[in-house]
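> We have chain A already, so just place chain B with the ligands on it with the hints.
As they're listed, the protein sequences go chains A and B. Under numbering that gives the first Met the number 0, the first residue of the first sequence is numbered 0, with each subsequent residue one higher. Under numbering that gives the first Met the number 0, the first residue of the second sequence is numbered 0, with each subsequent residue one higher.
Read the hints as simulated data drawn from the structure, not as lab findings. There may be inaccurate statements among the hints.
[Said to hold, decoys possible] Chain A is faced by these chain B residues, among others (derived, beta-carbon under 8 angstroms):
hint, residue
1, 378
2, 380
3, 383
4, 391
[Claimed, not checked] Among the chain B residues that face chain A by a calculated CB cut under 7 angstroms, a handful are:
hint, residue
5, 32
6, 406
7, 408
[Stated by the list, open to error] Every beta carbon over 10 angstroms from chain A, so not counted as near; a handful from chain B, in silico:
hint, residue
8, 19
9, 35
10, 309
11, 360
12, 381
Given the structure is predicted, the values throughout are model-derived calculations rather than measurements. Glycine included, C-beta positions come from ideal geometry on N, C-alpha and C.
Listed below, chain by chain, are the residues.
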Amino acid sequence: MSTKFVIEGLKATIEGKEILKGINLEMKGGEIHAIMGPNGTGKSTLASALMGHPKYEVTDGKVLLNDEDVLDMEVDERALAGLFLAMQYPSEIAGVTNSDFLRSSINARRGEGNEISLIKFIRQMEGKMKELEMNPEFAHRYLNEGFSGGEKKRNEILQMMMLDPKIVILDEIDSGLDIDALRIVANGVNAMKSEKRGFLIITHYQRLLNYITPDYVHVMMQGRIVKSGGPELAERLEAEGYDWIKEELGITDETVGQDA
Amino acid sequence: MTTQTILPVNAEALKALSESKQEPTWLTDSRLASLELAGQLELPKLEKQRIERWNIQSYGEYKESKKLASLDDLPEQVAKLVEGSREGGLVIQRNSGTVHVSLAPELAAKGVIFTDLETAVKEHADLVKPYLHQALKNDEHSMAALHAAVWNGGVFLYVPKNVEVDVPLQAVMLSDDAEATFAPHVLVVAEANSQITYVDNYVSDSLTAPVTHNGAVEVFVKNGAKVRYASVHQLTGEVTDVTFRRAMLENDASIEWIVGEMNDGDTASDTMSILKGNGSTSDAKIIAVGSGSQKINYTTQAKHFGKSSESQMITRAVMREEAQAIINGITKIEKGATKADGQQTERVLMLSPKARGDANPILLIDEDDVTAGHAASVGQVNREQVYYLMSRGISRTVAESLIIYGFLAPVVSEIPLEGLRDQLQGLVERKLGQ
Ligand SMILES: Nc1ncnc2c1ncn2[C@@H]1O[C@H](COP(=O)(O)OP(=O)(O)O)[C@@H](O)[C@H]1O
Ligand SMILES: [Mg+2]
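Just chain A, with the same shape it has in the complex (with noise of 0.2 angstroms):
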């Protein structure tokens, strides 16, 4: 069966504070969705609501993934139903391997008894390891305790890459690399891209887009997808910046929360 994602009127609210106030979208297996759009219009919010990070309460609205509806799961149900946030602020934690971690996210998948060896896990590892272009010692050092924010991005892609999820959300895993390390993520995500794949990749810049062809772009301001297309949005949104759109929409402010 080919994945299915089904965004429906999803809410979400912060601390009381309504955040998402209604998003829709639709994606399949194959596609690559690009969602754009200023600091604070909730492009994270979004990617921590469908994960289901703890802030954030979601007050209305349906997520499917295959007909199954994520937001009954709990977070580490959601990611074995095949979901992947490639996290803006990813966590440091001090005292846990990366690799012991990553066998950890593995066998949650394979369950007891259908441990990974550790053979062919590290195998697995280092083989993915060098095509990011990561050095083999990042294997041992605390779950990106001390990393460099593009050492985290890596990580990141590495952690897809050994998950192999159904729905990928990349939440700005342009930020903070060089155009090297740009075109090695990159390569990474297109490495997976699949026809039992969807891609969500959120991002401000249009940059990242030079490098992963997105099939279609949506522009989110004040909670909301305000605008889709297909990649010559994006292109616009690169030669003329978001004003033509607020102006269009008659928006002044795109932030949430200054709508009301």
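What follows is chain B with the ligands alone, placed relative to chain A:
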């Protein structure tokens, strides 16, 4: 207010026991003088806790322990502990007395002495007498005095000048008879430029009534000598464990303390390095897990007298259920200890809203030309971290335990003995109820 200590033994009985064991007169006299002090002195003061409310009266009485015919006669738990680690030397105390002593012949040939303290006071009085009760004096408080009066079994480890021992010597202190006094005393003397690693385990088994363990450790590290002292306490809930550890360091001497506090009962421990010598160093690592309704008071101390002396103290403690822990670090730098450096960190991770953890870092500095620092924190498992791990498919339980082990890992991974590291890992799992 004076809290009168109820003495578990009277002077006549103590004298008679000492004589029946044919102890030297100086020791009998020392025991009797200590007993008298015990009746006069105050109990040790615990920061924010009252030891007088703990069960510190269950001394039982002296009972002779039968020597082990073979190591196979050990309770299973103890047998497992000493498996594969007998080659250097092994002393086993069971309740009031020593039941096994062995030392590799090649170490004995080098002049290393490793035996129980009761034997050593008779056979090596010249080496024992100048040190016994000198690092922990019998007039410090009533528990130190009472310990000096009633101590039994114990360990004497002597390493001659320039002798470097590369296998760890091991001791096990077992309490499995609630009627028997359990008060081992460990005395280590490392002569100039010697090196030694000593590891002990305090265990209890099938106790049917409360037991008070009043223990003491004294370590003398001479010029340029290095002692690594590892101690794991895994006494069951019936035991109230009060342990004082002291190291005296001469010039360029160093001690490394590695302490695993894994008891189930109320515990007070005080681990102190006295850095007398110039260039002496002390490194103390304490890891602890508290559970149930344990009351816990851990103190680490470094007292600097020597110039350019260095101390490092790290405590990491996890508290679950209703455990109540007070964790103190005291760095004291005396006037004249120029260029001394004292650093300490105490971190507590709380796993339940009913657990309590207090970290009290204290710096007392009477010299200007020094460096010193401290860090302390008490916190809960970070929700953001749990979310991050779960977002990769890891269950909440596994995520939390990864974070808890991660919290202890920076200390555990520094433990230089692999066997000990694994043992501690296992104990942590048990204490965390996994
Ligand atoms: N943890 C938080 N606490 C309070 N407000 C938040 C939090 N996270 C986001 N917000 C608010 O939600 C709005 C959208 O933020 P975010 O989703 O991070 O935007 P974007 O990713 O598009 O930059 C902002 O106005 C921000 O102030
Ligand atoms: Mg964002």
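> If a hint holds in the structure, say so; if it doesn't, say that too.
The hints, checked one at a time:
1. Evaluation of the residue 378/B hint against chain A yields a violated restraint, the C-beta minimum of about 12 angstroms exceeding 8 angstroms.
2. Hint status for residue 380/B: violated, given a least beta-carbon distance of 11 angstroms to chain A, over 8 angstroms.
3. Interface hint at residue 383/B: satisfied, since its Cβ lies 5 angstroms from the closest Cβ of chain A, which is below the 8 angstroms cut-off.
4. Hint status for residue 391/B: holds, given a least beta-carbon distance of 4 angstroms to chain A, under 8 angstroms.
5. At about 49 angstroms, the closest approach between the beta carbon of residue 32/B and any beta carbon in chain A exceeds 7 angstroms, and the interface hint on this residue is violated.
6. With 7 angstroms as the threshold, the beta carbon of residue 406/B comes within range of chain A, its nearest partner Cβ sitting at about 6 angstroms, so the hint holds.
7. Using the Cβ-Cβ criterion of 7 angstroms, the hint placing residue 408/B at the interface with chain A is satisfied: the shortest such distance is roughly 3 angstroms.
8. In this structure residue 19/B is separated from chain A by more than 10 angstroms, as the shortest Cβ-Cβ distance comes to about 53 angstroms.
9. With a minimum CB-CB distance of about 50 angstroms to chain A, residue 35/B clears the 10 angstroms threshold, and the non-interface call stands.
10. The claim that residue 309/B is not at the interface with chain A holds, since no C-beta of that chain comes within 10 angstroms of its own (minimum 24 angstroms).
11. Distance to chain A confirms residue 360/B as a non-interface residue, since its nearest Cβ pair spans about 20 angstroms, more than 10 angstroms.
12. Annotated as non-interface, residue 381/B brings its C-beta within 10 angstroms of a C-beta of chain A; the closest such distance is 8 angstroms.
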